[in-house]
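K.L.:
Sequence:
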Amino acid sequence: MMKEQVIITKISIKRQGERKHFQIKLANDTKFIVGIEYNVRLIGLADGDVIIEPVEDAKLESAAIGVERSKTFFKRSRLIGDLKLQSCEEANWFYSTDVLESDANLSYGDFSQGGFPVNDYTHGNKRTEEIVKIDADSTIIQGWYLDAFGKSLKTDIRYEVTVYVWINVEE
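Following the working numbering, the numbering of the sequence shown begins with 2 at its first residue and continues without gaps.
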């Protein structure tokens with residue numbers, strides 16, 4: 002009988018343009034890697050615990066093109082970094098993605114900010130893993146992560162990327 006489990010790996014980033022190499026150890030009874038998921042948690046500036054407020058891209062764009070500031074614009078999600086996973090077996094590179102911030106438009110049209118803050122879990126931003134179907138012949142996954150967020154802002158920013166590897170194991 003097969004049972005689904007998750008392996009969680011945290012990657013801590015402290016400097017702009019930082020590259021992290023990491024390994025994810027799979028259980029010996031792993032049969033398949035079935036999905037990959039990630040999450041990003043901002044901690045603050047590298048030189049202190051000040052949380053960074055997001056830049057209002059829409060205001061900057063509207064000022065640059067001469068559009069009224071009262072208009073509402075959708076914001077694109079910012080690139081945080083690049084994540085790649087590799088198996089030492091036949092699959093080799095089996096996962097590569099741009100790590101993006103959560104939906105920047107999550108609170109668009111929501112006027113409940115008075116006492117009810119918008120969160121992923123309150124406004125139905127369902128998280129699901131990206132499905133992959135890889136034989137787990139190897140017990141180790143090699144991972145690479147490259148920061149793009151701190152590099153684009155030209156400052157050291159502390160944040161944490163959590164990688165969830167969903168596996169099928171044999172009971």
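In case anyone wonders, no lab produced these hints; they're calculated from the structure. Treat the numbers as computed from the prediction; the structure is a model and nothing was measured. We treat Cβ as the ideally placed atom computed from N, Cα and C, and that holds for glycine. Heads up, some of the hints might be wrong.
As the list claims (entries may be wrong) - Straight-line C-alpha distance at most 25 Å; calculated SDA-like pairs for lysine to any residue:
{"no.": "1", "residue 1": "K4", "residue 2": "K21"}
{"no.": "2", "residue 1": "K21", "residue 2": "L154"}
{"no.": "3", "residue 1": "K4", "residue 2": "Q24"}
{"no.": "4", "residue 1": "K21", "residue 2": "K76"}
{"no.": "5", "residue 1": "K26", "residue 2": "G144"}
{"no.": "6", "residue 1": "K134", "residue 2": "Q24"}
{"no.": "7", "residue 1": "K85", "residue 2": "G144"}
{"no.": "8", "residue 1": "K155", "residue 2": "L43"}
{"no.": "9", "residue 1": "K4", "residue 2": "I132"}
{"no.": "10", "residue 1": "K15", "residue 2": "A28"}
{"no.": "11", "residue 1": "K76", "residue 2": "T156"}
{"no.": "12", "residue 1": "K26", "residue 2": "N93"}
{"no.": "13", "residue 1": "K134", "residue 2": "L43"}
{"no.": "14", "residue 1": "K32", "residue 2": "F95"}
{"no.": "15", "residue 1": "K76", "residue 2": "W167"}
{"no.": "16", "residue 1": "K85", "residue 2": "K152"}
{"no.": "17", "residue 1": "K11", "residue 2": "D157"}
{"no.": "18", "residue 1": "K134", "residue 2": "K15"}
{"no.": "19", "residue 1": "K134", "residue 2": "K76"}
{"no.": "20", "residue 1": "K21", "residue 2": "E171"}
{"no.": "21", "residue 1": "K15", "residue 2": "N93"}
{"no.": "22", "residue 1": "K155", "residue 2": "Q87"}
{"no.": "23", "residue 1": "K4", "residue 2": "D83"}
{"no.": "24", "residue 1": "K85", "residue 2": "I132"}
{"no.": "25", "residue 1": "K11", "residue 2": "E131"}
{"no.": "26", "residue 1": "K134", "residue 2": "T10"}
{"no.": "27", "residue 1": "K85", "residue 2": "E172"}
{"no.": "28", "residue 1": "K76", "residue 2": "K32"}
{"no.": "29", "residue 1": "K32", "residue 2": "I132"}
What the hints assert, rightly or not - Estimated spans, in silico, between C-beta atoms of each pair:
{"no.": "30", "residue 1": "Q6", "residue 2": "L154", "range": "17 to 25 Å"}
{"no.": "31", "residue 1": "E91", "residue 2": "Q6", "range": "17 to 25 Å"}
{"no.": "32", "residue 1": "K32", "residue 2": "S153", "range": "15 to 23 Å"}
{"no.": "33", "residue 1": "K155", "residue 2": "E5", "range": "24 to 32 Å"}
{"no.": "34", "residue 1": "E102", "residue 2": "D138", "range": "30 to 38 Å"}
{"no.": "35", "residue 1": "E131", "residue 2": "L43", "range": "17 to 25 Å"}
{"no.": "36", "residue 1": "K134", "residue 2": "D157", "range": "33 to 41 Å"}
{"no.": "37", "residue 1": "K32", "residue 2": "S78", "range": "33 to 41 Å"}
{"no.": "38", "residue 1": "N40", "residue 2": "T140", "range": "40 to 48 Å"}
{"no.": "39", "residue 1": "E91", "residue 2": "G45", "range": "19 to 27 Å"}
{"no.": "40", "residue 1": "T163", "residue 2": "I132", "range": "41 to 49 Å"}
K.L.:
Compare the structure with each hint and give your call.
P.N.:
Hint check results:
{"no.": "1", "hint": "K4 - K21", "verdict": "31 Å, violated"}
{"no.": "2", "hint": "K21 - L154", "verdict": "19 Å, holds"}
{"no.": "3", "hint": "K4 - Q24", "verdict": "23 Å, holds"}
{"no.": "4", "hint": "K21 - K76", "verdict": "29 Å, violated"}
{"no.": "5", "hint": "K26 - G144", "verdict": "11 Å, holds"}
{"no.": "6", "hint": "K134 - Q24", "verdict": "19 Å, holds"}
{"no.": "7", "hint": "K85 - G144", "verdict": "6 Å, holds"}
{"no.": "8", "hint": "K155 - L43", "verdict": "16 Å, holds"}
{"no.": "9", "hint": "K4 - I132", "verdict": "16 Å, holds"}
{"no.": "10", "hint": "K15 - A28", "verdict": "30 Å, violated"}
{"no.": "11", "hint": "K76 - T156", "verdict": "22 Å, holds"}
{"no.": "12", "hint": "K26 - N93", "verdict": "16 Å, holds"}
{"no.": "13", "hint": "K134 - L43", "verdict": "31 Å, violated"}
{"no.": "14", "hint": "K32 - F95", "verdict": "16 Å, holds"}
{"no.": "15", "hint": "K76 - W167", "verdict": "31 Å, violated"}
{"no.": "16", "hint": "K85 - K152", "verdict": "18 Å, holds"}
{"no.": "17", "hint": "K11 - D157", "verdict": "19 Å, holds"}
{"no.": "18", "hint": "K134 - K15", "verdict": "33 Å, violated"}
{"no.": "19", "hint": "K134 - K76", "verdict": "33 Å, violated"}
{"no.": "20", "hint": "K21 - E171", "verdict": "31 Å, violated"}
{"no.": "21", "hint": "K15 - N93", "verdict": "29 Å, violated"}
{"no.": "22", "hint": "K155 - Q87", "verdict": "29 Å, violated"}
{"no.": "23", "hint": "K4 - D83", "verdict": "30 Å, violated"}
{"no.": "24", "hint": "K85 - I132", "verdict": "15 Å, holds"}
{"no.": "25", "hint": "K11 - E131", "verdict": "18 Å, holds"}
{"no.": "26", "hint": "K134 - T10", "verdict": "19 Å, holds"}
{"no.": "27", "hint": "K85 - E172", "verdict": "29 Å, violated"}
{"no.": "28", "hint": "K76 - K32", "verdict": "41 Å, violated"}
{"no.": "29", "hint": "K32 - I132", "verdict": "15 Å, holds"}
{"no.": "30", "hint": "Q6 - L154: 17 to 25 Å", "verdict": "37 Å, violated"}
{"no.": "31", "hint": "E91 - Q6: 17 to 25 Å", "verdict": "22 Å, holds"}
{"no.": "32", "hint": "K32 - S153: 15 to 23 Å", "verdict": "40 Å, violated"}
{"no.": "33", "hint": "K155 - E5: 24 to 32 Å", "verdict": "42 Å, violated"}
{"no.": "34", "hint": "E102 - D138: 30 to 38 Å", "verdict": "35 Å, holds"}
{"no.": "35", "hint": "E131 - L43: 17 to 25 Å", "verdict": "22 Å, holds"}
{"no.": "36", "hint": "K134 - D157: 33 to 41 Å", "verdict": "38 Å, holds"}
{"no.": "37", "hint": "K32 - S78: 33 to 41 Å", "verdict": "34 Å, holds"}
{"no.": "38", "hint": "N40 - T140: 40 to 48 Å", "verdict": "24 Å, violated"}
{"no.": "39", "hint": "E91 - G45: 19 to 27 Å", "verdict": "42 Å, violated"}
{"no.": "40", "hint": "T163 - I132: 41 to 49 Å", "verdict": "19 Å, violated"}
Checked against the numbered hints given earlier, the structure breaks hints 1, 4, 10, 13, 15, 18, 19, 20, 21, 22, 23, 27, 28, 30, 32, 33, 38, 39, 40 and satisfies all the rest.
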